[in-house]
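Protein chains in written order, with numbering that gives the first Met the number 0: chain A, 0 to 416; chain B, 0 to 493; chain C, 0 to 500.
Treat the hints as calculated values from the structure; they're not laboratory data.
Worth double-checking, as some hints may not be accurate.
[To be verified] FRET-style restraints, in silico, Cβ to Cβ: (1) B:S192 <-> C:P246: 48 to 54 Å; (2) B:S31 <-> C:T490: 39 to 45 Å; (3) B:Q307 <-> C:N356: 32 to 38 Å; (4) C:R97 <-> B:Q434: 41 to 47 Å; (5) C:P473 <-> A:R9: 28 to 34 Å; (6) C:E53 <-> A:E141: 58 to 64 Å; (7) A:G133 <-> C:K4: 40 to 46 Å; (8) A:E307 <-> C:S174: 54 to 60 Å; (9) A:K371 <-> C:K247: 34 to 40 Å; (10) A:G377 <-> C:N356: 27 to 33 Å.
[Claimed, not checked] Derived DSSO-like pairs (lysine-lysine); straight-line CA-CA distance at most 27 Å: (11) B:K319 <-> C:K247; (12) C:K251 <-> B:K318; (13) C:K125 <-> A:K374; (14) C:K491 <-> B:K53; (15) C:K477 <-> C:K68; (16) B:K261 <-> C:K125; (17) C:K39 <-> A:K301; (18) A:K371 <-> C:K125; (19) A:K73 <-> C:K4; (20) B:K261 <-> C:K272; (21) C:K395 <-> B:K196; (22) B:K318 <-> C:K272; (23) C:K125 <-> B:K319.
Where is the CB? At the ideal position from N, CA and C, for every residue including glycine.
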Amino acid sequence: MMLTLEDFRRTMESCNHCGQCKWLLGPKTKGYDFAEICPIHQRFGFDAYSGQGLLNIAEELLNGELAYESGLIKLIYSCTTCGACDINCKSIRDMEVLETILALRERVVADGWGPMPAHQQQARSVAEQHNIFGKEHGQRFEWLTPDMELLKQSNVAYFAGCAASYLYPKIARNTAKILNAGGVKFMVLRAEEYCCGGPLWRTGQVAAAREVAEHNLAALEGHGIDTVITSCAECFGAFRDFYPRLSKLKFRVMHITEVVQQLIAEGRLTLHNTRKRSVTYHDPCFLGRLSEPYVPWNGEIKAFGRHEPPKQWRRGTQGVYDAPREVLKAIPELDVVEMIRNEENSYCCGAGGGVAEAFPEFSQWTARERSKEAKSTGAEAIVSCCPFCESAFEKVLQTPDGEMECFDITQLIADAL
Amino acid sequence: MLALDVRPAIAQELNRSIGAENVSTDLAALRSYSRDYSLVAGTCPDFIVYPRSKKDVREIVRIANQHEVSLVPVSSGPPRFHGDTLPSKRGIVVDFGRMRQIVKMDSVSRCATVEPGVTYGEIVPALESHGMKVNMPLAPRANKSVLTSCLEREATLIPKYQYDYMDPLLTLEVIYGSGDEFRTGSASGPGTSESLKADKVNPWGPGAIDYYRLLSASQGTIGLVTWGVIRTEVRPALRKLYFIPLDNPQQLAAPLDALLRKRVVDECLALNSTNLATLLADDARADFAPLKAALPPWTIIACLAGYQRRAEERVSIHKKYLIEICTTLGLQALTRLPGAPGLETDVLRVISEPWSKEPYWKLRRTDRCYEIFFLAPLSKAGYFVESMKEVVERSRCPGLDYGAYVQPLVQGRGAHCAFLLPCDGSSAEEVEAVQELFLSASNTLMKKGAFFSRPYGPWAPMVYRNYADGAAMLRTLKNIFDPNGILNPGKLCF
Amino acid sequence: MSLPKDVYAELEGIVGPEYISDREYILAAMRHAMPSSPVKPPSPAAVLLPGSAEEIQQIVKVCNRHGLKFIPTVSSLIGFAYPTGPNTIMLQLKRMNRITEINRADRYAVIEPGVRHGQLKTELMKYGLSYPVAAVGPGGSVLVNFACSSGDNHNQHGASRTNRYILGVEWVLPSGELIRLGSLANDAGWFCGDGPGPSLRGLLKGYAGPFGGFGVITRIAIGLDEWRGPAEMPTEGRSPDYQIRLPKDRHKVFIFKFPTLDQLRDAMIEIGKAEIGQAVLKYFNATAALLATQSANHFWDLWDSGLFQRELARPLYVYLATHSAEEMAYEEAVLREIIAETGGEDVDPAIRAIYENNMDFFILVGFLQRVLRLGGAWAPTKLSADSIHHMFEVGKTIPEFLTDFIDKGLIFDAPDNFQIISMEYGHLAHIELLFLWERNQPDWGDVPMQVIARSHETEIRHGHHATMPPRSKPMLEKLGPLYSDCHVWSTKIAEAFGARK
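Let the hints inform the model, and build the full structure from the sequences given.
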C-alpha cells in the first residue's frame, strides 16, 4: 500500500519550525563540532534545505501555492533521504518527515517534473539491464569464483545487489567467503536477481521500483527463500522499508553483520587478527536508523494526536547498530572508536537518495564532512557496511598522504578468518 | 545666576506648591551644595527644595520645566565625593532628605520599599529587626542614601547575591524630567501603585526595555526617583570570618574566584594594609601606622554564613571548601586577623554596619581624599593594582600611602577596584600633586583597560571622548526623558 | 512581492549570490503557518544569509534607503520571527556561528548568533563551565535566547534568567551604525554589560527582548557559572529513550506533592531562604506527561490513567547539585525538614524515576519540543514574574477563567498545567500557563486570544502582575495605559532609534 503526498498533510501542517531536523539530538551532542545532522542544511544554509523546508515546500505544492521550476526540483533531489531529520523529529513528535519527502518525490515524478536526468537514466538502465549502472545483466554474477561453496537451492539467499555485483565485487566475494567459513548454506539468484529497486523508490520512481521489487519477490518466493542476506545497506533498506508496502514478506532480511554476530555467538566462527589497528565505524542510514521494518498503518488521527488504531512508530531505536560493533569488537587487536554522530545520529555519507548520481560535488562534500569527523577520532580507518558508503569515502579519502583508510566491514571480517 | 525677574516667580510657585518650609534660600546652605570632595567645580544653586511626597516632586519638576531651570537631586548627607550633586549652573537643588520613609519591609518576599532619603543608618537596624539585611557597600556613611547607592550601581560586599551590576535594585517609581510619572518592572502595572498587589520585585521591563537600567548611574539626569524597592537577604544566624593574608596583589584573584565559583562565601573583599588600618585603627592618627605595619600587605576577608536551618553544618561544609582552596593555592585561612589578632569583631562591624563615626573613614587620616574606582575582570585586579603602583611611583607624590580595595562582583566575574588617595588639604602643593595623580592615574588605567562604568566628574569626558556613538544614544534618550534638559545638566555627556 | 532588481543586486553585492535568494521555493520555508495560527504569514521578499557584522550594517543601510523592513532571525522558531507585511527581508544569521572566545578565568563566552545551545552547553561542559539554558531545543540560538527573546529556565533558582548573564554586546542599530555596549565601549573587554553611565543595555532587553525588532545583535558575551556535572553528557540508550544520570552522591532529583498551593508556595519560599538547590519549580503536569512519553498514544495512556493529574496537580520539583556528598546530605536534610514542615510528600516513585533517569530536564532540555507532540495548537500566557507569594496568588485565580474554556471543550482539560519557577534563591518567580487546543473546531484561531484576554482581565481585576504588556502595537496601545503608559515610552524610543514597532 503506497501512500500519497495528501496522506501526509497533518505532518506538513504540524511542523513548528523547531529546528530539530537540522541539529544533533541534545543528549548526543558533545561540543561545538559535529553538532549538525542535515547535510543539505549545513551546506546550503537556507531553511528550505532541510526536513522542515521540504515539508513546507510539499505543503505549498499540494495547495497549489508553489509552482514547479528547475531550482525547486534540484532542491528536492539534493536531499540524500538519510532520514536524520525524520528520526530526530520523531524523537519529539509524531510526524513522518521522510515519508513526506519520499511522497513529494513521487508527486514530482507523477507531475512530470522529476526525477533528475541521472535518475531517469538509472530507471532506463534498470528497465534494460536490471541494474542501475546500465552494465550487462549477464555480468551481474561475474564476482562468483569456483572456490565458493554455493547451493543450487537453499532456503537462504545471498542478495548481492547492483553495487557489490558491479562496482565492489570484493564485497560480494568476501561475503561468500564469510558465509562459507561460518558454514551457512546459501544460494544466489544469479540472473534472477534484479536491482532491489531502492534507488528508484527513493527518487520517486515508484512504478519502476515496484516492477523490479515484484520480480525479486517472485523469484525469492519461487525458491522458497525464508532468509535473505545482504551486505548492502541500500538493499537492506529496500527490503525492510519498501517491499512490505507491496506485500507481506515471506522472508526475513539479515545483514551480513547480523549473520556474523550470530555465528560468533554460536561458536561457528572465530575471528583472528595480527595487525593492531584503530577503526571508527560509520552507521549507514539504511542499515541504522532507517532499518526498522515498515509497518502499514491506515488509521485516523483524532483530536490531540490520538492515533486510532495505535500506530507502531519507527523511530530508529531498533536499527542494526549492535551487530556491526560486536563483530568489530570480536576481531582481536582492533580498537573501535566511536564518532560523536553515531548510531541513530549518524551523519550521512552523502551517497544516498540519488545524490551521488545527480550532485556528485555535493555528495563528496558530505563525505568530506563525515571524513573530518572520522579523522577527529584519531582512528586509522573508517569502516562501513555498504558499498555506497564505501564509494563515497573512497572518493574523498584517496589522498596522496593517505590520512585514513576506508574499509567495508566484510573486508575486515574476511581478513580475520 | 537665574535672571532676577525669574527668581521671585519661581520662589512664589515653589512656596505655594510644596510649602515655604520646604524651600530654602539660606546662603550658607546654598554654598554647602556647591562643593564637595571631588575635582568638580560646582556652582551655587538658587534654591534648595525638600520635597516630602511624589506630588511635591511633580510640582518641582513642573515648575522647573516651566521656567527652564535646572534641578540637581541630592539624597545623601555630606561628605560627598563624586561631584555628581554639584550644580553646573544655577538652579534648584532637590534634597530628598525629607522623603525618608521606609514604606514596607517584607521578610517573606525579601524586599524593602524605601524613599530616596532613607539612609543606611536607618535601613540596617530596621531590617535587622525583621531578620533581614541588605547587600551593602563597604562601610557606607550612615547618612548615605540607600536608593542612590543602588541606583548608582555602587559595589556591594556579597558577590553571590549579584546576578548583574544592577543588584540589589529592583523596581522604581520615577518622575522623568518631562514631568511624567513612571514605574518600572512589575511595579508598572496593571493598575496604579495602590491597586497593584504585586510585591514589585521583578525589576525587568515593562516589555522589552529595562527602564531601570536607563536610570542607573545617571546621576539624576534622567529622572527623580520617588521610591524604590530593594532586595534584602536573610540575616544569617551564624557568621564566621576568615582572613587570607597575601603578600602580592597578583595572588588575589585565584582564591576569590575559587570561593565564588563554589558559592561558599557571603561578604568577601580584599583590602590592602592601608585601607584596612584606616578602617580599624582606634585613633586614626596615632594607631594607624603601627597597625598598618603589622598587617599583611593584603588581606582577603571572607565571611561564611549559616542561615536559619542547620547553620553550623553549612558553615562547617563551607569551611572545608575554604581550607581546601587555600591549601591548594598555598595560602592560609585564619580565624584571627593576621597582624592584629583581637580586631575580628571590628572587622565584622565594618562589613555589617554603615559607618557612623566622625569623620567618615575615608577622611580619617587626612581632611581630603580622592578616590579612583573602576571595574575590571577579577583576574586583572592584580594587574591594575600593580599598574597603579607604577603610576604613583612616577608621579609627584611617589611615597603616597594610598588605600587599595578589590571587591569581587557578580558571582566573581568582575571586580570593583578602588584606590583611595589621601591628601592634606592645607597644603596647596600636595593638593595639586594628588589631583594631578588622580587625573593621570585615571587616564593611564583607562588606557590599560580599566572600565570606568560610573563616569563622575573628570572621568566623563575621558570616557565619552572614546564612545561617541554611545554618547549620541544617551543624548537621544535624554531628549526623550528630559526634553528640556533640566535634570542635572553638565553631567555625563549631557 | 519580489524585490526590485536593482535592490536585489545591491544586496547580492553585499552577501554574494550564494547567500541570497528570492526564489519562491526558498521563501516557502519562511512563510509556513504555525500550527497555532490559522493565518499564514506574508511571504518575505527575500532571504539573506549574511556572514559578518559589516555585511549586516551594509544591508541595513540598503534597507533604510529603499524602505525595506528586515527581520533578523536564526532558527525562526518563535512566531515573531516572521513578516507582518510586505517589503520585508529575512536576515538569517546562521553563518555567523563562531564561539569567538571562551574565557575560563573570567567566566564568559563570546558568541555569534548562529551558535546553538546544543553546541555551547556541551562545549562548555568540557571546561567545567555552564549557563542556564532557556529551553528551546538544542538547535535554538543562544544569543537570541539571551538577548532577543525571553529566557526563563528550569535552573534559575540556583542560577538566574538569561538576561542576567548578558555582558558586552555588539549591536547593529536600525540606522546601520554599530555600537558596543558595556565594557566594550572603552575597549575594556567583554566582562561587563552595563555602562558607562546609564546602561544602554536597558534598550536591548526588558523582561523579554525585542524579538528582532530593534536592529541586529551581532555578538554578545555571556557570563558563565560553574558546571557541577561531568565533562560530557553521560548519555545511554537510543532515541527517543535516552537516559542521562549524573553521579547520585552529588546530583539528586526530588518531586513532592502538596495538598494546597499555599503549602507548596511556603515550601518554595523556605527553600529559597535556605539557599539550597539548583532548580526549584512547580512544573506543568500535562507538559510533564508529554515530556515523559514517546508518542501521543503513549501520552494518552498515561493521561487517561490519571496518575499525573493526581500526583502532579501541585508538585514541587527540586534538583540539588553539590560539590560533595557531605554537602548533598546537608542540603537534603534541610530540604526534607522544609517539606515535612509544609506538608509535602514524595510523589509516586515511578514519576521521580523519570527524572532520575533523564536528568537532561535540568541540563539542556533537548526534548522540550515534545510539548508540541499532540500536533494541534498551543500557546503560553502570563509569562512574567514577581515574588513567589504573588505568583501563587495569581496561580490560584487560574480556574476562574480557564475552567470555562475547558467546560466548553475549547481547550485541553489540564487546569493545573501552569508552572511557577523560583529564581535567584526564591527572590522572585516566573509564571507560565500553557494551554492546548485542537484545530478541528470552529473558530479555532480565536481560542488563544480569548484565553489570553480572559487571563489578563482576571489579573487586572485582582490587581495582579503576571503578564508584561503585549508586543503587538494595537494591544500595546490598548493596555499600555495600565502599565504606566509604557506604550508612550516604547514608541518614543522606537521612533528615536528607528526600531520596528
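Would you list, in rising numerical order, the hints stated earlier that this structure does not obey?
none
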